[in-house]
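> Go ahead and model the full structure; you've got the sequences and the hints to work with.
Quick mapping for you: the protein sequence lines, in order, are chains V and Y.
The numbering of the first sequence is the working numbering, which starts it at 1 and goes up by one.
The numbering of the second sequence is the working numbering, which starts it at 325 and goes up by one.
Quick caveat, the hints were computed from the structure, so don't treat them as lab data.
Be careful, since some hints might not be right.
As the list claims (entries may be wrong) - FRET-style restraints, in silico, Cβ to Cβ:
{"hint": "1", "chain 1": "V", "residue 1": "Glu201", "chain 2": "Y", "residue 2": "Ile385", "range": "52 to 62 Å"}
{"hint": "2", "chain 1": "V", "residue 1": "Leu187", "chain 2": "Y", "residue 2": "Gly657", "range": "29 to 39 Å"}
{"hint": "3", "chain 1": "V", "residue 1": "Gln48", "chain 2": "Y", "residue 2": "Asp572", "range": "38 to 48 Å"}
{"hint": "4", "chain 1": "V", "residue 1": "Gly47", "chain 2": "Y", "residue 2": "Glu627", "range": "41 to 51 Å"}
{"hint": "5", "chain 1": "V", "residue 1": "Gln48", "chain 2": "Y", "residue 2": "Glu627", "range": "52 to 62 Å"}
{"hint": "6", "chain 1": "V", "residue 1": "Gly47", "chain 2": "Y", "residue 2": "Asp572", "range": "22 to 32 Å"}
{"hint": "7", "chain 1": "Y", "residue 1": "Glu380", "chain 2": "V", "residue 2": "His137", "range": "33 to 43 Å"}
Computed from a prediction, not measured in an experiment: that's the story for all the values here.
For every residue, glycine included, the Cβ atom is placed at its ideal position computed from N, Cα and C.
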Amino acid sequence: MTTYAAAILEAHTYLLDNHADVFVIGQGLWSPWYVGATMDGLDTKYGQDRIIDTPVSEQATTGAAVGAALMGGRPIVVHPRVDFAVLAMDQMVNQAAKWSGMFGDGHGVPALFRTIINRGGSQGAQHSQSLHSWFAHIPGLRVIMPATAADARDLLIAGVLSNDPVVYLDDRWCYEAEEELPPVTELDLASIKPAALRDGEDITIVANGFSTQLALQAAKLADEEGISASVIDLRVINPIDFTPVIDDVRRTGRLLAVDGGWASCGMAGEVLASVVEELQPKELMASPTRRTLPFASAPSGQSLEADYYPSAEMVLSDIRRVVS
Amino acid sequence: MPEGRSLPLSNSDYFDPDWAFTDVDTTGLESTLVRDWYEKMVIVRKTEQKIAALVETGEAICPCHLAIGQEAVPVGLSHLLTPSDAVFGAHRSHAHFLALGGSIHQLFAEILGKSSGCSHGLGGSMHLTDRSIGFIGSVPIVGATIPIATGAGLQAKREGKGNVAVSYFGDGATEEGVFHESLNLSSVHDLPVVYVCENNLYSSHMYITQRQPELSTTRYAKAHGIDSAIVDGNDVAAVSKAAHELIDQARQTGRPGYLEAVTYRWLGHVGHRSDVDVGVKRTGDLEKWRKRDPIARLASTLEVSVTDEINDSVATAVDSALDLARLDPSPEGDLVQNTVYAR
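What follows is the structure, given as structure tokens:
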């Protein structure tokens, strides 16, 4: 069995062993407790010229990765919390995402920006965000949100080997999830579609990242109540091919989107809109709904925090409401 | 001198519009190099004058930031580079592109939004590229290409072939945080990047002492442990000499360098006019700076017959390039959707 965290480490090892143009740059890489068990030993195994720890300069580090990528490198940039990647938004959104479309010369920016979602633990408002929807708004970026150990490994590899700029958001709440992994295969990131992780008849639950694990837990609980829920994991949230989602909702007639971000202009709303605009009203048996964070910044206090994050029980109550 | 804070003692007279500037010293230089510098500067000047005319008539719509008066900086530097080096510019980069040998026709076509443009009509004046000459790209977010050039230096270091990266920016960009982050990064990681600050004393309408406590920006290089030089940016030979030392050092030792070329833009921040630019009134200074014209100063070292011939041939080439660009087709409509992701 391989955990999600170990799968990320395995992806790094695979890439560094098999692709000489790959290197890793970011903060904390020579003291990798910053990133859980996902980078243990890489600096000693591959050397500090290839696993590059940096000054406290998110923007310059990210920009340097963009420049290296334009000149033939395949950098992985590590932002141990997505909150800090906000400091580098110009390089990701204005530069990397637009390079192909600004110049039209066929050159993308093959850099992968790994921005870790690191919630809970009383870390408070600036250490706990899930800002994936920002990146999903931007043409030119490809955005990966792995929910499973297999995707954590194989989509990281696919993202690094993509010729486009990629934002990869792994979630520390997923790190202990484990499964048997087959040998690595190099996938084409552009071909990755949402995947049904569970088949059901009564409702379609659509989620991404850790929310997919919540959805699976809630679906299992619902099953005990006689409600059969399918769970679709988006996997790649930009660009998204919604066809598998639309097909499934057409079958179940009900839709619940679960997302770890806020509702306003977020992924859950995008799921609802993208499905609803493809269906006839009569194809829906209930109003689609979404479960997201409350519209507030994350608190630090433990009791407040416990109420703040969606739980499997909350998702279950949403399932009951939609199906009833 | 425009109003603002009282001037500190500068480390150079270069900033003083009343400075009695010196002759361009071409002693010991190959005559073909000097002739080539002159021709390149005239190409930049005449092409930009034509672009100004296109802006004035409305034929060019996209924002055009012209570098008339600043030609000596990229022309003095570009002959030291090869297409394997990586050069990055900013919003005012026609001169950077042309000095490296970029096509006048492709530049006009880009500004007119034609498919034959250097960026296929997607970019306009502010997004130029031509990898065949080592000009990787220019963008108008101030300071944004400074870390990107730094990363090109990182990749050059990783490849170990002695290539360098060049980052052009203005004095305004040194007020961006990422400029300082980038200098620090290249210094601690020994990256072969030459930072070229074209200090033209203005950021948009703001004179430098309204924005910074000193006129020269070389103090930032010193703060980050990077070797620097300051030169009269309107003296092509002086630019070349200083750039040569810094580029050679970057190639041989991998250390970054910082070149500040003091110059002056004759036109406003954007567009074709010199007399009105978001409140700038600087007529007296401009007249003094026009006497420091980098082209006229180099012309004085050449035979009149030589400069006349170059002036005529460049004028013809610029006219033909524009005629050609005007006839070129617009891009196909699906180009926008087809270039969101890499091919």
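> All hints are to be evaluated individually against the structure, with a verdict given for each.
Hints versus structure:
1. V:Glu201 to Y:Ile385: 52 to 62 Å: holds (57 Å)
2. V:Leu187 to Y:Gly657: 29 to 39 Å: 32 Å Cβ-Cβ, so the 29 to 39 Å window holds.
3. V:Gln48 to Y:Asp572: 38 to 48 Å: violated (28 Å)
4. V:Gly47 to Y:Glu627: 41 to 51 Å: Roughly 58 Å apart at Cβ, these two residues miss the hinted range, so it is violated.
5. V:Gln48 to Y:Glu627: 52 to 62 Å: Since the Cβ atoms of Gln48 of chain V and Glu627 of chain Y sit about 57 Å apart, the hinted range of 52 to 62 Å holds.
6. V:Gly47 to Y:Asp572: 22 to 32 Å: holds (28 Å)
7. Y:Glu380 to V:His137: 33 to 43 Å: With a Cβ separation near 38 Å, Glu380 of chain Y and His137 of chain V satisfy 33 to 43 Å, so the hint holds.
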